[in-house]
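Chemist: Protein chains in written order, with this note's numbering: chain A, 1 to 114; chain B, 1 to 114.
Calculated from the structure, these hints are not laboratory results. It cannot be assumed that every hint is accurate.
If you want a taste of the chain B side facing chain A, the calculated C-beta under 7 Å gives, among others [as the list claims (entries may be wrong)]:
1) Y48
2) P102
3) G106
4) D107
These figures come from a predicted structure and were not determined experimentally. Yeah, the Cβ is synthetic: ideal placement off N, Cα and C, and Gly gets one too.
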Amino acid sequence: GDSVTQMEGPVTLSEEAFLTINCTYTATGYPSLFWYVQYPGEGLQLLLKATKADDKGSNKGFEATYRKETTSFHLEKGSVQVSDSAVYFCALSEGDGNNRKLIWGLGTSLAVNP
Amino acid sequence: DAGVIQSPRHEVTEMGQEVTLRCKPISGHNSLFWYRQTMMRGLELLIYFNNNVPIDDSGMPEDRFSAKMPNASFSTLKIQPSEPRDSAVYFCASSPWDPNQPQHFGDGTRLSIL
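Taking the hints into account, I'd like the entire structure generated from these sequences.
Modeler: Structure follows, in structure tokens:
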């Protein structure tokens, strides 16, 4: 079945450092890809998405490009802030017809120090 | 617009008691998902509904767990009898019936079984 693999955390960075969180996937067909973020004590919220190959999703300074040739969707940010400290989840949409759900990575915890 | 609303936010009860978690999805969303999140297992999909019909309940851990969606604006997740290992954060999410659209999460119910 489809799967998502994220780099293990925790990731610890200093403010203004460059961030990369790797995400690779295996899937039949052409799924949509998502990054979600979970701040402490909150639910998950969509950060960005891409629905087809070579699409770039972007939001709040974060970017990720849907790379079909490498089956990857790595999350990047050029300069992280303390407020970016959270858990980041990569996910892909699976299924068709009446049976559709998201397949989730295990999450990567990011801590940004001032 | 109101997001996904879950109640209660916190629940502490003794083992053996019945626990009922509630969810109101976003109006117009066709799909509803129940998740459980723990440190050990991460984010697990328990069950999901499409147009109020359960599609996949393979993630429900045991017969002690049951979920219903009597109408498009309400769903419950029930645990009877509860056990300490059921302690977790339970999330409800909803989405339109479109694989390119994200799921919207509630703030979760933090459940502690003593």
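Chemist: Decide, hint by hint, whether the structure agrees.
Modeler: Status of each hint after checking the structure:
| no. | hint | in the structure |
| --- | --- | --- |
| 1 | Y48 | holds, 6 Å |
| 2 | P102 | holds, 4 Å |
| 3 | G106 | holds, 6 Å |
| 4 | D107 | holds, 5 Å |
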